[in-house]
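The listed protein sequences correspond, in order, to chains A and B.
Everything in the first sequence is counted per the working numbering, starting at 1 for the first residue and increasing by one.
Everything in the second sequence is counted per the working numbering, starting at 653 for the first residue and increasing by one.
Derived from the structure by calculation, the hints contain no laboratory data.
Just to be clear, a hint being listed does not mean it is correct.
Result set (EDC-like, lysine to aspartate or glutamate): computed pairs, CA atoms no more than 16 Å apart in a straight line [to be verified]: (1) Lys982(B) <-> Asp202(A); (2) Lys1004(B) <-> Asp120(A); (3) Lys206(A) <-> Glu708(B); (4) Lys552(A) <-> Glu708(B); (5) Lys590(A) <-> Glu555(A); (6) Lys181(A) <-> Asp171(A).
Chain A is faced by these chain B residues, among others (derived, beta-carbon under 8 Å) [said to hold, decoys possible]: (7) Ser839; (8) Gln936; (9) Gly971; (10) Leu972; (11) Tyr974; (12) Asp975; (13) Leu978; (14) Tyr1002; (15) Val1005.
Every residue gets a Cβ at the ideal spot worked out from N, C-alpha and C, and that includes glycine.
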Amino acid sequence: MSYLKGPSLFFAGEFLCDVSTVNNDVRHYDNSTFEARFQDPREGQMQNGWWNPRGGAIFQFENCTISGSMLSDGTANETLNNFPVTNTDDRSGGKMVDLDPQTQMTSELWGVKYRLTDQDGNLYFAGNIHDTGFRDLSNRQFDQNLNPSATNGQALGATYYSVIQDIEWGDTDNPVISELKQQTDNNQLRIKMTVYGYNTKDSANKFTIGKMLGVVTPWKNTDPIRFTADRRLYGMVQKIFNPNTPNQNTITYLAYSNFDLSGNELTVDLGMSIPLTAQDATVNDAFTSFTIAVATESITAKASDTKTDLQSTQFEVLKDITIANPESWLQETDGLIRVTLTDDQAAKLANNQLLILMEEDGKQVLYARETPDGWYVRADQNVRRLDVGVTLSTDFYVYQWGKPAVGKQVKTSLLPPIPGLGGSGVSNKYSPKAKIPKINEAATGFKTPDVSTPAATDQNGKTTVTLTGEAPGNPRVYLDGQIYWYSYGIDGVTQLDQYSLDYIFVHQRNKFDYIDNPTWEDVKEIWLQFGNLYPIMSHHIMDFSVPVEILKRKEILIFAFSENINSPLYMPVTRDLSENKLKTLVQWMKITDPADLKPIEHSLVVAAAEKATAEEPADAAVEKADEEPPHPIVVLTRQKNSGISDTSSEKQ
Amino acid sequence: MLKIAPELIDGVKKASSLSDLQHYMQLAIELEHATIPPYLTAQFSIMNGQNQKIKELIHSVVIEEMLHMCIASNIVNALGGSPQINNPGFIPEYPGKLPMNIGDGLEVRLKKMTKAQVHDVFMKIEEPIKPIPIEKAPADKMIAAEAFVPEDFDTIGEFYDTMKKRILDLGGDDKLPGDPAKQVTSSFYGKDELFPIITKEDAARAIDIIVEQGEGATSPYDESGELAHYYKFYEIYEGRQIETIPGVPTPRYAFSGPVIPYDEEGVYNIFPDSKVEMLTEGTQQYRMAKDFAEAYNKLLNGLHQVFNGHPDDLSKTFGLMYDVKLYGEKLCATDFPGKDGYTIGPPFQYMKVPGSPAV
Chain A
1 MSYLKGPSLF FAGEFLCDVS TVNNDVRHYD NSTFEARFQD PREGQMQNGW WNPRGGAIFQ
61 FENCTISGSM LSDGTANETL NNFPVTNTDD RSGGKMVDLD PQTQMTSELW GVKYRLTDQD
121 GNLYFAGNIH DTGFRDLSNR QFDQNLNPSA TNGQALGATY YSVIQDIEWG DTDNPVISEL
181 KQQTDNNQLR IKMTVYGYNT KDSANKFTIG KMLGVVTPWK NTDPIRFTAD RRLYGMVQKI
241 FNPNTPNQNT ITYLAYSNFD LSGNELTVDL GMSIPLTAQD ATVNDAFTSF TIAVATESIT
301 AKASDTKTDL QSTQFEVLKD ITIANPESWL QETDGLIRVT LTDDQAAKLA NNQLLILMEE
361 DGKQVLYARE TPDGWYVRAD QNVRRLDVGV TLSTDFYVYQ WGKPAVGKQV KTSLLPPIPG
421 LGGSGVSNKY SPKAKIPKIN EAATGFKTPD VSTPAATDQN GKTTVTLTGE APGNPRVYLD
481 GQIYWYSYGI DGVTQLDQYS LDYIFVHQRN KFDYIDNPTW EDVKEIWLQF GNLYPIMSHH
541 IMDFSVPVEI LKRKEILIFA FSENINSPLY MPVTRDLSEN KLKTLVQWMK ITDPADLKPI
601 EHSLVVAAAE KATAEEPADA AVEKADEEPP HPIVVLTRQK NSGISDTSSE KQ
Chain B
653 MLKIAPELID GVKKASSLSD LQHYMQLAIE LEHATIPPYL TAQFSIMNGQ NQKIKELIHS
713 VVIEEMLHMC IASNIVNALG GSPQINNPGF IPEYPGKLPM NIGDGLEVRL KKMTKAQVHD
773 VFMKIEEPIK PIPIEKAPAD KMIAAEAFVP EDFDTIGEFY DTMKKRILDL GGDDKLPGDP
833 AKQVTSSFYG KDELFPIITK EDAARAIDII VEQGEGATSP YDESGELAHY YKFYEIYEGR
893 QIETIPGVPT PRYAFSGPVI PYDEEGVYNI FPDSKVEMLT EGTQQYRMAK DFAEAYNKLL
953 NGLHQVFNGH PDDLSKTFGL MYDVKLYGEK LCATDFPGKD GYTIGPPFQY MKVPGSPAV
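I would like the entire structure built from these sequences, with the hints used as guidance.
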């Protein structure tokens, strides 16, 4: 069911996300060329360890409160207003984690809890947010010329769709809570969060803080977990920067919005798409007056930097909207627009496209539209960690005009090899010396994962694809496994709008045989890589490059390495070790006597840096760097049928 | 000599039932906990990679103080009580006196690592009834080190001793009244250190561990051969490790071991007794301090749950212990706005965690 109807809790506030950024550059995974300065913040032309090298991946809500709520009959309810929304009061917070340095655009939440209480701490409900990654990542902040720009350093925003599981209900007869409890299935609630306005400027008071809007509603057994069964609007007006260069950057206004039509009630979620200001990520005044309309013929125009204007015969106005107090509207309603339609309007919208138009120079410019014929397909488990020989499932759901589409065939396709992914976008004499590996290809003579052909969709519009891990042959050389991106579509549907990164992202791990009696040599490169990439550990907990230091704390490490992957205490935090590698590390800690180790006088990080410097004089390093082709910021400018695309240069 | 309020020992002596003792063991939990903030503040103030041995010594004491807090909580549970770990009064005010008015007005402050702080505060807190003299190096000179001369014996050691006797007196031959399912153990402490307290003998044995690890008994070393806290701090103060003098009939000890280097420059100059409210709301520094205090209070909330019927959840609080360390060390490396030359000390203070029940 849609999250845009039924009993709803709206909350707003901020989030803290202290991600580590040494691992933002894939080349930092190469132990042999790692330099000590990659653990320092960037400085001038030196990207070093980017903007937060000492980050620790913590994710938690900050100052979040209930901003409003609604009963299932649509009436507003204020009984819960200003109640604190927190994560836990007696545990550490959750984590935000990337699948891989070459897949940073689907950052996942792990081990995050949701807790609603009154001001005195009396529990209303609490539960665990299911792991989920960014969806619908798009530029949200724009300057006066509507160029993407953010004083806070990160103009992108994204949406998290998930469920709150294993709910513990408080003893309350609050009507909103009672309806939620009564109407949801399986003791889990839908949660959708919009994150934006994230601050990457280390001098700012809000450094590593972003803004957050959220809504909690019932969930049904037939619903997906990591997205919602809603109808969708796609942005049609684009702006292209640096055309004809590798750094080409295309942005789309009002990129992705969900909407729902239930009975005569139309609800459009613009909180996830409305352009915001560069200065402080409040609603951009340029987008507060628009028209919501229904198409009277199929509108097939594609997203473009040339605007499309529609003739009055092509649409019928549903409502002219002017948002009077845009920031209050955004914060208090999660950015929802609600319109009660006439019977006739609702009947038309049931199987015709919704449109957003803005009047410019007397013309009705098409800013957003639904996919022609109302198709929607999405993968639920879209971020996969795949070991060799293991089979994982990914469920797909196909909808048309918001209803399950039965008997449809989903097709998947591995993208062609992509070079240059996961660099800093800056190429100069300070760039890391390692080469950036390509993704989407196994080493010569090795296979990519085996992907099944799914059955036709069932009565819920659902079908399942399996992926079976195949040894990739270590194609990336200095970091484990390979990254595969699979696009997908609906067989026979030629015009299908999709989020530009609607892929299944797979980290196929290398084949690694468990070692029963491992030595330091067997595990050294793995530990050293952690030590290089996460200086927060060496500065505050232990230096992973020194085996004696690891063994001093082996009890707590074995504990963390043996936790359930959903635990906020799970290590490695990045969740990027194959099961056999992880078990081998644990076994090494269990069986190794520190007395048997050769003395290591100082950190291997320093040793590696010294070795690199000794082997290669600075001049040679410069020459080598100059030979490298320029690194595209990030290759995300895939033109789909809709032509929608987005570009990101940094992860959030 | 550290004294405690005599009426406390009187109260223990006069207790007519095990439940009468719960209140006094609750005070012991509070006392054991109250030593942790000053020790951790000193530990966090040491820069990364500097004064490593000192840092390790202080850290090893903190680990045992946490153990003592767990033992005292287990005893409260064994006596049929409910340990109270997260109420607003649980964390002492710093600067201020320790619980039980221990030390007859000894003012404890949260200050950076200095030899003065170790000598004047840490050694005083841990001081035995009769410190064993440690001779100054070189060992062959046999100069007796200065020792504190005890003036009277109302010490925390005597408090525990009285408590032990009273539990043995009042406890029956059967199990103690508390619910054994509430007893907390952990694989991170030895089975001979943190064990379920089911009988009065278990309680007596547990109290011995607290006293031996803190003050030492007939030797500076506890049963496992580890130096008692007082002597660990004494080592830091003297800058040399303690060794047993070989070839003498009666055990004697000297600061004849390896040097424990101390570099003042390797310590952040944290502002003493830093508080969240000393910083300006809305600034990054304020948030960092608030995050620290919040993590610390969450940890106390978590431990409260652990000792009130959820013993298996102890491991779930480990993350917060690391958060406290991480946030604390980051603060110590952060300049204190408006206080030239100082960095921010970890604010060990009560803070109601949003969404936590009122206590």
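We went through each hint and held it up to the structure:
no. : hint                     : in the structure
1   : Lys982(B) <-> Asp202(A)  : 14 Å, holds
2   : Lys1004(B) <-> Asp120(A) : 10 Å, holds
3   : Lys206(A) <-> Glu708(B)  : 34 Å, violated
4   : Lys552(A) <-> Glu708(B)  : 11 Å, holds
5   : Lys590(A) <-> Glu555(A)  : 9 Å, holds
6   : Lys181(A) <-> Asp171(A)  : 12 Å, holds
7   : Ser839                   : 7 Å, holds
8   : Gln936                   : 5 Å, holds
9   : Gly971                   : 3 Å, holds
10  : Leu972                   : 5 Å, holds
11  : Tyr974                   : 7 Å, holds
12  : Asp975                   : 5 Å, holds
13  : Leu978                   : 5 Å, holds
14  : Tyr1002                  : 14 Å, violated
15  : Val1005                  : 5 Å, holds
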